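Engineer: Chain B: place on chain A using the hints.
So the chains spell out like this:
Protein chains: 2
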Amino acid sequence: MELLKNKIKQDGIAVNEHILKVDSFINHQIDPVLMQEMGKDIAEHFKNRNVTKVATIESSGIAPALMTAVALKVPMIILKKQPSKILNQDLYQTVVTSYTKETNYELTLSKKYIGAEDHVLIVDDFLANGEAATAALRLLRMSHATIAGLAVLIEKSFQPGHEKLISQGIEVYALAQITEMSENHIRFKD
Amino acid sequence: MELLKNKIKQDGIAVNEHILKVDSFINHQIDPVLMQEMGKDIAEHFKNRNVTKVATIESSGIAPALMTAVALKVPMIILKKQPSKILNQDLYQTVVTSYTKETNYELTLSKKYIGAEDHVLIVDDFLANGEAATAALRLLRMSHATIAGLAVLIEKSFQPGHEKLISQGIEVYALAQITEMSENHIRFKD
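Residue numbers (my numbering), protein chains in the order written: chain A, 928 to 1117; chain B, 928 to 1117.
Simulated from the structure, these hints should not be mistaken for lab results. As the structure is a prediction and not an experimental result, all values here were calculated from the model. Worth double-checking, as some hints may not be accurate.
No copy is singled out in the list; a pair is fine if it fits within one copy or between any two copies.
Unchecked claim - Straight-line alpha carbon distances no greater than 35 Å define the calculated DSBU-like cross-link-like pairs of lysine-lysine that follow:
no.: 1; residue 1: K974; residue 2: K1091
no.: 2; residue 1: K948; residue 2: K936
no.: 3; residue 1: K1012; residue 2: K1116
no.: 4; residue 1: K1116; residue 2: K1039
no.: 5; residue 1: K1038; residue 2: K1091
no.: 6; residue 1: K948; residue 2: K934
If we strip away everything but chain A, and leave its shape as in the complex, we get (with noise of 0.2 Å):
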């Protein structure tokens, strides 16, 4: 999506290999009408999947989720962080291990909300090394829902997630997909 891919050049930092600063667009501050213009994009790639749900994980995923499920017009459902392990027979619940915040949490998804019958697509911000997604893809295989794909803004394709999940049979649709980053330099596939 050359919209997102020019917003990254202009406003995003790349700190180094690894970390690129998208906070004046996408993390602190948000612009709207960038975020409703990817909704829809989202929205557009994935019409003809039947999708029922839109699911996120708390809470960066939540505006582009939000747009997406306004654009297609069905719900969207957060899949919600915990601290720690509270054992609950209506939720079902996994352990995400995160390396880059070297943390644990569990995320957990309340089992009213996403069925058998549901084809779900999952929205999140980034995709890197697809923790948190792969985590999304185990609670809702829980649910025995349908996964119609993984959309993601930004995915750092030199990552293992993106591979990790096509490996799995999950279509994932990144609206900008980096292949190589250092300080000051961004280099975007196509």
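Structural biologist: Leaving out everything else, chain B in the frame of chain A:
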């Protein structure tokens, strides 16, 4: 706002005097059409206040704040939570004590994104004790921005948040005001 009051009557669950569950359309599962209508309503109410930024508190305020920012066509700022105090000279920082969750966290705002020239509308999902809203106010005052007001989806008018805020001269706009609550019983203002 009748649309929200009717939704609360239909799908909200009053557990006791203090706990209202709106998991099925606001907190865990989100109804994007309702969220969009609520954002438009808030934007309409504050349309003559010269709002330049919408601010919210991570993470349950993100959805209503984003829909308000879309309607007002202004940037949205997520005041970020961090678990403990890490001093950073690029941030405004304040500690929040949550009585409901019995935890402390720090709320932060990058100095880059809000300044003295801004008119900021704070948007959140709930107003009860007003802890989060007053913390947001403290942060925004550090930036010397003008506070355009506070908009919330649901106000528990029998808790002290509303009074606390209006006594500081802040306009509070709530889409649904609950004056009384007990198990399976909710009374609205008007």
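Engineer: Does each hint fit the structure? Answer for all of them.
Structural biologist: Structure-based check of all given hints:
no.	hint	result
1	K974 to K1091	within (24 Å within a copy, 47 Å between copies)
2	K948 to K936	within (11 Å within a copy, 43 Å between copies)
3	K1012 to K1116	neither (40 Å within a copy, 39 Å between copies)
4	K1116 to K1039	between (40 Å within a copy, 31 Å between copies)
5	K1038 to K1091	within (26 Å within a copy, 38 Å between copies)
6	K948 to K934	within (12 Å within a copy, 39 Å between copies)
In summary, the structure is inconsistent with hint 3 from the numbered list given earlier, while agreeing with all the others.
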